[in-house]
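Chain by chain, the residues:
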Amino acid sequence: MTTTAIKQTQVSSGSSVREISFDRILFVTGAWALALVWLLPLLYAVWTAIHPSAYETRFDLFAPLTLENFVEAWNAAPFARYFVNTILLVTMILSAQLVLCTLAGFAFARLEFPGKNLLFSLVLLQLMVMPDILIVRNYAAMSSLGLVDTILAIGLPYFASGFAIFLLRQTFKTIPKELDEAARIEGCTLLGLLWRVYVPLAKPTMLAFGLVSVSHHWNNFIWPLIITSSTETRPLTVGLSIFATTDSGIEWSIINAATLITSGPLLIGFLLFQRQFVQSFMRAGIK
Amino acid sequence: MAAPERVFTKRPQIMIKREWINAWLLLMPALLLLFGFTHLPAVQTVLDSFWSTPRGQRPAVFLGLDNYERMLSDAVFIKAMINNAIYAAITIPASIALALSMALFVSRKILGQGLLRMAYFTPTVLPLIAVANIWLFFYLPGFGLFDQIRGLFGLSPVNWVGQPSTALYAITAVTVWNQAGFFMIFFLAALQTIPQSLREAAALEGASSWVFFWRVTWPLIMPTTLFVSVNATINAFRMVDHVFVMTQGGPNNASILLLYYIYDQGFRFWDTSYAATLTVVMVVILAVVGIGQFFLLDRRVHYR
Amino acid sequence: MKQILKSSSLCGAMLALSMSTALAVDLELYFPVAVGGDAANIIQEMTEQYMAENADVEINAIYTGSYADTTTRAITAARGGNPPHLAILSAVDVFMLQDEGLVEAWDSYLTKDELETWVGGFYDAFRANTYKVGKTWGIPFQRSTPVMYYNKDAFKAAGLDPEAPPSNWEELIEAGKKLTVRDDSDNVTQWGVRIPSSGFPYWPFQALAIANGAELMNEEGTETYFDQPAVIEALEFFVDLSKKHEIMAPGIVDWGATPRAFLDGETAMAITTTGNLTNIRTNATFDLGVAMLPKNKQYGVATGGGDFFLFKGHDEESTRAAIDFVKWATAPEQAATWSIATGYVAPRPDIWETEKMKEYVREAPGALVARNQLEHAVAEFSTYENARVRQILNDAIAAAIVGEKSAEQALKDAQSEADAVLKLYRQ
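Protein chains in written order, with my numbering: chain Z, 1 to 287; chain P, 288 to 591; chain U, 592 to 1018.
Please keep in mind that the hints were generated in silico from the structure rather than gathered at the bench. Quick caveat: nothing in here was measured; it's all calculated off a predicted structure. Each hint should be verified, as a subset may be incorrect.
To be verified - List of simulated lysine-lysine pairs, PhoX-like, C-alpha gap at most 20 angstroms:
hint, chain 1, residue 1, chain 2, residue 2
1, U, Lys703, U, Lys769
2, U, Lys703, U, Lys918
3, Z, Lys203, Z, Lys116
4, U, Lys743, U, Lys768
5, Z, Lys116, P, Lys304
6, P, Lys366, U, Lys996
To be verified - Just a sample of chain U residues kept apart from chain P, beta carbon distances all over 10 angstroms, derived:
hint, residue
7, Asp690
8, Asp715
9, Asp777
10, Ser789
11, Gln819
12, Asp845
13, Arg851
14, Glu857
15, Asn870
16, Phe877
17, Lys886
18, Arg911
19, Asp941
20, Arg979
Just so you know, even glycine gets a beta-carbon here, dropped at the ideal spot from N, CA and C.
Produce the complete structure using the sequences and hints provided.
Listed below in structure tokens is the structure:
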């Protein structure tokens, strides 16, 4: 990667050195300017979280530092519990999605049966008409099932993901037929075939989908807001919103400390694994 | 598509029958949930829209199309539709353009590559509902961050979220900020698959990077662009979290969006049947847009 | 074998019986938290203390989020046949709770003496929202009113007497003009006054309307009076603060940022809830003043906040136990602790007589202002379909402030919209 980049600059620098390097400077400056704008909210969050509340709106280089806000935020709301709820929620959704959608995706990719096209287009319809917008009716459904205010109810509408079924079907279709013929001759059952041949080859897709699913449900807000009403079930987003929107005014230093506490794990996770992250998307063919 | 079919049709009749059963068994759990929480509620929503909302001792009565008539004469609904159209018209192209620029910036060696990628990606991991408070501070008139910066240049303060002419755009900017970094990941993956040999060949022929982008990169990443645009379209109707914190749809509904209005009607005013009527409109819009986009996307996918 | 089974089940029954006498009643209490800080923990501590004193009662206090969340949860639970015994809900939801048939009046469970000394002992202003047709539907608990905070240092700097804050609308405008400071490029660095208008502008607006001698609704919650001249005048005054007199920032003024704006000196006077007193008092870097809202034709504010509601669907024993807990929680000692920790206004005169409260008032004289203002306070705006009608009013106020409609037009439109909604409830 590095060597080819150098080679390329050498090749193109043949024409006019000055112009290229000027372009390059513009390119790098643009990248950093954009990054700065994109980072502003995070920088501001860090600023307010480590300074006393008097510096929420004043940016003084010599402002005193404090960790008090983190302590206060942590004590003011049951964030530990919200964390557990969110982790339970995203794990539950992702496992259910992977199991259900692998089975369905495989059937759509490799089996023939009447009604296949109709059923598949109904699946595709869910890509657009998502449970997110059917909140009114799904709330009524949950209350008739007696599931209101449970973590299961937050996740249930998302278990069968049209997106996952579509993605896995595409991946399964690219797997060479010969592999599965060979396995069948060895006497593999359909499920055995799926498990031994298809699933291992679809791992990058599953990883990429997993990342999308986790980041989506980690941050999902409206449906959990509606369906939960107690500390035992509330995910982080809803917990944060209740914590932040009191009648008595916004205290940025504490809210931002809470935001940093709650998004810290994902942020660090991305910093550490960003390369693998991008590569999994590349190999999954989500492009 | 043709190859797998041939393999199975060669098998005896009885195998085909078993294959049907196998397929249906594999599909059943996913489809039951899918129908249960998407198709069934969508149909029920349509039915609900023909009835009135039961309140206290007054049971629901059949209204026919009354709810739809009410909707068409509801100024707030019209406002929400117009706002949502503007919101979509800005967030979709802006997010795609920015996401692609970001991907181009960090796809090859650049000073601080890892840090840049993280910077672009941070909005995805910060819950929108929490960051909305930060943006609210940025937008505050007078002592907010943007006005403090404007003040350095002697510019007068602007009440970004508190006046009808800018409130919707203030909301829109936050949405673009929030989703562009996420879309960047898809473009980044797409750019990595462009063969290096193409790049070298183009460089040898003296093609500028601008020409290379339009002649080679853009056509090659077209499927990704379509895929991202589908996501951006959905988000244009789904992302309203920050409205709860920043404007509550105000001032005087200047920044109200369709899903926020549905929430208001359904869960603040408890008018579930009118909320259902509004949901029907949303479902129809998304289904139509979706079908259109999938024709495009599916064609591309089959080429490969 | 049968014998053993029988005796063991008998044993079990006896065990259950003995346990049920030890824990005679299980109560469920839903409560919201609408202020920052430790309010949730304080309620938990209160219930624990009560349980320690009353071994036969078990109270499960469930923190249910915001007021809206709590109402939703209570309605859902009651419809599902599992209502809580008690819930602290926004007092303005009283019509909806009655209409849905979820709550019952307290009166039939109380003796004449209790009705007079206990229920009658709350300030009338706080009872007003939930005392309907001669019956008590809620017991005031976490209640507040708006007050005017002002910066004494800024008053001195502007040549105003820091001990004489404006007491009527004219003085407010006059002082506001002196307090509005502009820099060389004519940008305002300090506004005269800040009355928030985001989120729920109807609340500060209602205070202005009352001060102008107007009422916004009838006691039955079936009529609104948005288009009456006194109401229109009040809205014109609100609009003119920025448009004509230029002493308030133009456009919608954010509610949540108000304490910060005041603490940062962005404004010299700010009208917001007493719930901010603790925050503002501890963080102010200047000499803080607290005053009643200025009057026009009369003094006046609206109350706000939550009451205890009693839910239907329980046996008499547990309902009585629930009432007993509420009596304990609103007794002077407990209520004083609650008020001091949260900033809510203590809802009974006898609470202010406690040693704790007297000491607190010495330390924070501002708290007294809220109490003194109570004699001029009225019920918070509340009707049937409260959320919807309130939104109609909110939109009208916003439309006038941002200049999309004149105050008169906005309120006339709002009145006809409200009429259309409330028509159903007038039969």
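- Given the proposed pairing of U/Lys703 with U/Lys918, does the C-alpha separation stay at or below 20 angstroms? Answer holds: U/Lys703 to U/Lys918 is near 15 angstroms, not above 20 angstroms.
- Message: Please check whether the beta-carbon of U/Arg851 is more than 10 angstroms away from every beta-carbon in chain P.
- Response: Violated: least Cβ distance 8 angstroms, not greater than 10 angstroms.
- Satisfaction of hint between U/Lys769 and U/Lys703, Cα-Cα up to 20 angstroms: 55 angstroms, violated
- Query: Going by Cβ atoms, does U/Asp777 stay more than 10 angstroms from chain P at every point?
  - Reply: Contrary to the label, U/Asp777 does not stay out of reach of chain P, its closest Cβ about 8 angstroms off (not over 10 angstroms).
- Nearest-CB test (10 angstroms) between chain P and U/Asp690: 4 angstroms, violated
- Beyond 10 angstroms from every Cβ of chain P: is that where the Cβ of U/Asn870 lies? 16 angstroms, holds
- Distance rule for U/Asp715, whose beta carbon must clear each one in chain P by more than 10 angstroms: 28 angstroms, holds
- Message: Can you confirm whether the C-alpha distance between Z/Lys116 and P/Lys304 stays at or below 20 angstroms?
- Response: Holds, because 14 angstroms separates the two Cα atoms, which is no more than 20 angstroms.
- Item | Minimum Cβ distance from U/Ser789 to chain P greater than 10 angstroms, as the annotation requires | At about 7 angstroms from chain P, U/Ser789 fails to clear the 10 angstroms cut-off, so the statement is violated.
- Message: A cut-off of 10 angstroms on Cβ-Cβ distance, and U/Arg911 was said to be off the interface with chain P. Does that hold?
- Response: 27 angstroms, holds
- Mind checking the alpha carbons of Z/Lys203 and Z/Lys116 for me, to see if they're no more than 20 angstroms apart? 25 angstroms, violated
- Evaluate the condition: distance from the CB of U/Lys886 to the nearest CB of chain P exceeds 10 angstroms. About 28 angstroms separates U/Lys886 from the closest Cβ of chain P, which puts it past 10 angstroms; holds.
Hint violations for this structure: numbers 1, 3, 7, 9, 10, 12, 13, 14, 20, all remaining hints satisfied.
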